Amino acid sequence: MVHGEAWTLKEFFTYPNEYIYWTIQIVMYPFMTGLVAGAFVLSSLYHVFGVKELKGIARFSLVFSFALLPVAMLPLMLHLQQPQRGIEVMMTPHFTSAIAAFGIVFSTYGMIVASELWFVYRKHFVEEALRLRAVDERSLGEHLAHLLFSALTLGAMDISEHALEADERAVKKLAAAGIPVACFLHGYAGFIFGSVKANALWMTPLMPVIFICSAVVSGIALCMLTYIMTMEIRKLLAARKKHLYPELPSPEELKSAEVHVVTMTAKYLVIFLVAAITLELLDLIFRGYTAMKSWDILRNVIYHRDFVNIFVIQYGMGNLLPFIIFLTPGLTVRRAALGSSLVLLGVFMMRWNVVIGGQAFSSSLSGFMHYVLPIWPDSVETFKEGLFGALTVAVVPFVLFWLINKVMPVFKDTH
Amino acid sequence: MLLIIAGVLVVRKILVPADFGVGARGYMYGWHRPSNEEDWKKVTIKYRTAEYCKQCHLEKYDEIKKSPHANINCENCHGPALGHPDDPKSLTIDRNRELCARCHFRLEYPTSGRGKIRGIDPKTHHPQLECVTCHWPHDPRKAGHGGATSAAAAGGPIVPGLSAAPAAVRTTRERRGAHDIA
Amino acid sequence: MISRRNFCKKSLLVAGGLAIPLSALELFDPKRLLAEKPDGKKTRWVFLVDTHKCVGCGFCVKGCKTENEVPYDANVTRTWVERYVITKDGHTHIDSPKGARDGFETSQIDIGEGKFEEIKNEEIDKAFFVPKLCNQCDNPPCVQVCPVGATYQTADGVVLVDRTWCIGCGYCIMGCPYGVRFFHPVFHVAEKCNFCYHRISKGMQTACVDACAFGARRVGNIRDPNDPVTKVIMTERVNVLKEEYGTTPQVFYLGLTKEVK
Chain L
102 MVHGEAWTLK EFFTYPNEYI YWTIQIVMYP FMTGLVAGAF VLSSLYHVFG
152 VKELKGIARF SLVFSFALLP VAMLPLMLHL QQPQRGIEVM MTPHFTSAIA
202 AFGIVFSTYG MIVASELWFV YRKHFVEEAL RLRAVDERSL GEHLAHLLFS
252 ALTLGAMDIS EHALEADERA VKKLAAAGIP VACFLHGYAG FIFGSVKANA
302 LWMTPLMPVI FICSAVVSGI ALCMLTYIMT MEIRKLLAAR KKHLYPELPS
352 PEELKSAEVH VVTMTAKYLV IFLVAAITLE LLDLIFRGYT AMKSWDILRN
402 VIYHRDFVNI FVIQYGMGNL LPFIIFLTPG LTVRRAALGS SLVLLGVFMM
452 RWNVVIGGQA FSSSLSGFMH YVLPIWPDSV ETFKEGLFGA LTVAVVPFVL
502 FWLINKVMPV FKDTH
Chain E
406 MLLIIAGVLV VRKILVPADF GVGARGYMYG WHRPSNEEDW KKVTIKYRTA
456 EYCKQCHLEK YDEIKKSPHA NINCENCHGP ALGHPDDPKS LTIDRNRELC
506 ARCHFRLEYP TSGRGKIRGI DPKTHHPQLE CVTCHWPHDP RKAGHGGATS
556 AAAAGGPIVP GLSAAPAAVR TTRERRGAHD IA
Chain H
148 MISRRNFCKK SLLVAGGLAI PLSALELFDP KRLLAEKPDG KKTRWVFLVD
198 THKCVGCGFC VKGCKTENEV PYDANVTRTW VERYVITKDG HTHIDSPKGA
248 RDGFETSQID IGEGKFEEIK NEEIDKAFFV PKLCNQCDNP PCVQVCPVGA
298 TYQTADGVVL VDRTWCIGCG YCIMGCPYGV RFFHPVFHVA EKCNFCYHRI
348 SKGMQTACVD ACAFGARRVG NIRDPNDPVT KVIMTERVNV LKEEYGTTPQ
398 VFYLGLTKEV K
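Chains as they are written, first to last, in my numbering: chain L, 102 to 516; chain E, 406 to 587; chain H, 148 to 408.
No lab work stands behind these hints: they were computed from the structure. Mixed in with the good hints, there may be bad ones.
[Said to hold, decoys possible] Not close to chain L: a few residues of chain E, all C-beta gaps over 10 angstroms, as computed: (1) Met433; (2) Ser440; (3) Thr454; (4) Pro490.
[To be verified] Straight-line C-alpha distance at most 30 angstroms; calculated DSS-like pairs for lysine-lysine: (5) E:Lys446 - H:Lys157; (6) H:Lys235 - L:Lys298; (7) H:Lys378 - E:Lys446; (8) L:Lys298 - H:Lys349; (9) E:Lys528 - H:Lys189; (10) H:Lys189 - L:Lys394; (11) E:Lys521 - H:Lys262; (12) L:Lys156 - L:Lys274; (13) E:Lys470 - E:Lys521; (14) E:Lys451 - H:Lys189; (15) H:Lys349 - E:Lys528; (16) H:Lys389 - L:Lys298; (17) H:Lys389 - E:Lys528; (18) E:Lys447 - H:Lys189; (19) H:Lys262 - L:Lys394; (20) H:Lys405 - E:Lys521; (21) E:Lys470 - H:Lys262; (22) H:Lys267 - E:Lys470; (23) L:Lys394 - H:Lys389; (24) L:Lys507 - L:Lys343; (25) L:Lys394 - L:Lys298; (26) H:Lys267 - E:Lys494; (27) H:Lys349 - L:Lys394; (28) H:Lys189 - H:Lys273; (29) L:Lys394 - H:Lys235; (30) H:Lys349 - E:Lys471; (31) H:Lys378 - E:Lys528; (32) H:Lys273 - E:Lys451; (33) E:Lys521 - E:Lys465; (34) H:Lys189 - E:Lys521; (35) H:Lys405 - H:Lys262; (36) L:Lys153 - L:Lys336.
Please read all numbers here as calculations on a predicted model, not as lab measurements. No residue lacks a Cβ here, since even glycine has one placed at the ideal position from N, Cα and C.
All chains, full assembly: derive it from the sequences and hints.
Structure follows, in structure tokens:
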């Protein structure tokens with residue numbers, strides 16, 4: 102079986118070499134980078150635009166954005182036929198290709214987020230380092246932790262008010278600089294598809310903008326969802342340990358803070374959701390109106406073969422339902438969690454409908470290809486490019502987030 | 406920061422081939438390792454064309470060139486010459502029906518050269534026989550091996566079409582009009 | 148009295164306005180390739196396909212696979228032949244079973260998933276075969292989108308893939324409007340027709356040209372005015388595939404009609 106043959110069903114006339122080459126991992130990649138960009142924008146809404154209600158979630162989003170960054174490379178590594186040569190993008194980049202921008206954009210973005218995180222957590226690093234230094238007989242774990250935190254301070258031990266204010270100014274500058282970079286991070290992903298003139302569905306100048314808007318939407322939704330989930334865990338822990346540490350906030354206090362943050366975040370989610378939907382519908386209307394040569398087969402794919410994927414799941418469950426959920430008054434945390442989950446589903450389906458949908462028809466415009474997602478891996482290939490490969494990519498950021506949280510705790514005000 | 410950049414440059418020096426750069430077609434279309442062009446030129450040639458076969462097999466070459474099959478390359482039916490006669494010492498002779506049916510499976514396509522080729526329906530036209538039983542491929546105007554094909558397979562001499570063909574088999578020209586055209 | 152600023156603005160506008168129709172007049176024209184290239188290159192490989200002569204025997208596909216070591220059983224090929232059958236009801240039926248590797252073994256149209264469509268002879272208005280291969284475009288979109296410089300164009304116009312450098316991302320495969328690229332099943336890098344570069348560099352012809360007994364395929368050098376292929380391209384009515392993509396393909400077709408995809 103050649104690459105792609107195992108999961109492609111071809112109907113009518115397709116060129117002999119045509120298979121679905123860009124599969125679930127290429128759907129995961131823009132999804133994950135979208136989360137990265139979106140989480141960063143959410144964090145910046147507080148740091149740059151001073152939306153005070155978002156303070157609780159700002160730190161959280163920044164750390165999550167950083168945890169997602171290495172994960173964004175994972176789907177690419179799983180997709181490449183020669184992953185060990187992946188580094189070539191950094192060594193001999195061909196900048197006429199959108200993919201070559203990957204090296205620069207990722208490095209820049211990584212440095213900005215890392216620096217911003219350093220400024221945000223410098224006080225914590227210093228405090229931890231000093232605390233561990235004061236411990237006389239350190240265990241091995243404490244010794245390693247002391248080394249780590251001391252190294253992370255990079256020697257800047259001054260935590261006076263003056264120094265911390267300087268930190269805050271640096272964070273503001275970095276967050277501001279980071280917004281266009283985050284947009285570029287996902288704009289270039291949209292450009293990868295939008296610039297392929299050979300593909301009638303992908304070719305549109307709107308693609309980079311659509312991708313950016315839906316990326317921000319997904320980032321906000323993910324942060325909201327994870328925030329709600331971690332708050333649940335906190336409430337459970339606070340209730341259990343209340344008698345040990347009376348200074349811990351009560352579950353009621355936690356709950357009211359949570360609703361406040363969630364309501365504010367939901368507002369921004371809706372704004373970007375409107376933008377994303379507007380652009381996507383604009384693209385669809387234009388295609389139908391101008392009815393180019395490819396419209397015949399595109400119409401068949403969009404309104405017939407992929408109807409459920411596009412209109413029922415993506416637009417219906419992923420856009421319309423969350424609209425209703427977030428706009429009806431009296432938003433509860435539980436409703437917000439449901440809305441966020443649906444939004445994430447919608448954004449995932451949007452990536453699916455672009456990547457897989459774009460390969461659902463042949464370049465001959467006279468045939469179709471159907472993607473059969475490999476469920477049970479019976480080879481390395483069907484693992485990497487199948488359901489389990491996608492699940493691996495989905496799970497890793499949470500693992501990383503848990504690890505990073507040990508060094509840079511997201512809820513700093515408590516133990 | 407500088408350390409990182411220095412590190413990257415060192416790694417790059419080691420891993421990237423020294424001649425990698427911009428070629429004759431500019432950065433957009435010519436960004437590559439130039440020595441790769443020579444790599445492609447060094448690919449082994451498999452098909453040597455009839456002009457190569459002619460050097461030793463002149464009789465057969467002339468026979469074919471005077472026949473309706475003049476433009477068919479020897480290697481289409483005999484496989485690539487490669488290093489023949491050193492390696493391989495002899496070439497295969499593909500006597501499969503499917504080979505001949507590539508052109509001679511009759512298709513009624515008037516607007517294509519295919520429509521001008523005389524042909525049969527392989528399913529009904531002597532399906533158990535090899536085509537060469539009755540038709541001599543080097544000159545289809547002549548009769549085939551008759552039963553000699555099995556002798557050839559057993560290592561016996563191949564009887565050229567010019568010598569006595571089995572009496573029961575007439576030449577294709579004589580039997581014209583009896584083709585099974587689908 | 149016009150101000151200096153307005154004068155500058157207006158003259159820029161006029162200049163810009165003139166430039167647009169003038170550049171639009173520069174239609175794709177093979178003579179330009181022949182005459183004007185300032186780089187003075189002596190060779191630019193082009194291909195000529197005569198769809199009147201192709202009989203769909205598939206020897207070209209078989210020869211190509213052997214010559215270029217693409218596994219015979221793999222369902223990918225550097226070149227293929229498409230069959231077009233236009234019936235009286237106006238429908239166009241197209242197929243290319245295994246790329247016509249074994250020719251066309253049935254008069255039924257292969258419509259995928261093991262299904263076939265029966266066509267009666269009396270229903271056929273027109274039927275013909277169209278061989279296809281890499282167009283070695285002058286503006287190859289596949290080269291443009293390679294992120295690492297693994298695929299490139301030589302000075303004589305052939306687009307090659309560096310098998311030691313390709314990372315297997317598949318962007319070039321997605322970028323080709325003609326569907327000529329694929330992943331090599333053994334080397335796991337991008338692969339496509341390269342006009343048998345190892346043969347034409349030695350004065351031979353491509354394997355598919357040698358295999359074709361009907362003269363449906365010919366390779367030539369457009370910079371050589373005495374090349375018979377060049378003469379046909381300059382004097383007869385030739386066409387190219389998907390010109391609207393701006394790729395300037397260098398495979399020219401005789402008898403290319405509107406049905407061809």
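>> For Lys349 (chain H) and Lys528 (chain E), compute the direct alpha-carbon distance and say whether it is at most 30 angstroms.
In response: violated (43 angstroms)
>> Does Lys343 (chain L) sit within 30 angstroms of Lys507 (chain L), going by the straight-line distance between their CA atoms?
In response: Cα-Cα ~22 angstroms, so holds.
> Taking only the CA atoms, is the gap from Lys267 (chain H) to Lys470 (chain E) under or equal to 30 angstroms?
Replying inline: Violated, because 37 angstroms separates the two Cα atoms, which is more than 30 angstroms.
> Regarding the pair Lys446 (chain E) and Lys157 (chain H), is the alpha-carbon distance no greater than 30 angstroms?
Replying inline: Outside the cut-off at roughly 56 angstroms; violated.
> Is it true that the CA of Lys156 (chain L) sits at most 30 angstroms from the CA of Lys274 (chain L)?
Replying inline: Holds, because 17 angstroms separates the two Cα atoms, which is no more than 30 angstroms.
> Keeping to a limit of 30 angstroms between CA atoms, is the pair of Lys267 (chain H) and Lys494 (chain E) held or broken?
Replying inline: violated (47 angstroms)
> Keeping to a limit of 30 angstroms between CA atoms, is the pair of Lys405 (chain H) and Lys262 (chain H) held or broken?
Replying inline: Roughly 26 angstroms separates the two Cα atoms, so the pair holds.
> When you check the alpha-carbon spacing of Lys528 (chain E) and Lys189 (chain H), does it fall within 30 angstroms?
Replying inline: violated (52 angstroms)
> If you draw a straight line from the CA of Lys153 (chain L) to the CA of Lys336 (chain L), is it 30 angstroms or shorter?
Replying inline: holds (22 angstroms)
> Given the hinted pair Lys189 (chain H) and Lys273 (chain H), is their alpha-carbon gap at most 30 angstroms?
Replying inline: Distance of about 41 angstroms is beyond 30 angstroms: violated.
> Keeping to a limit of 30 angstroms between CA atoms, is the pair of Lys298 (chain L) and Lys349 (chain H) held or broken?
Replying inline: Cα-Cα ~36 angstroms, so violated.
>> Checking one constraint from the list: CA of Lys389 (chain H) to CA of Lys298 (chain L), max 30 angstroms. Satisfied?
In response: holds (12 angstroms)
When the structure is compared with the earlier hints, violations turn up for hints 1, 5, 6, 8, 9, 10, 15, 17, 21, 22, 26, 27, 28, 31, 32 and 34 and for no others.
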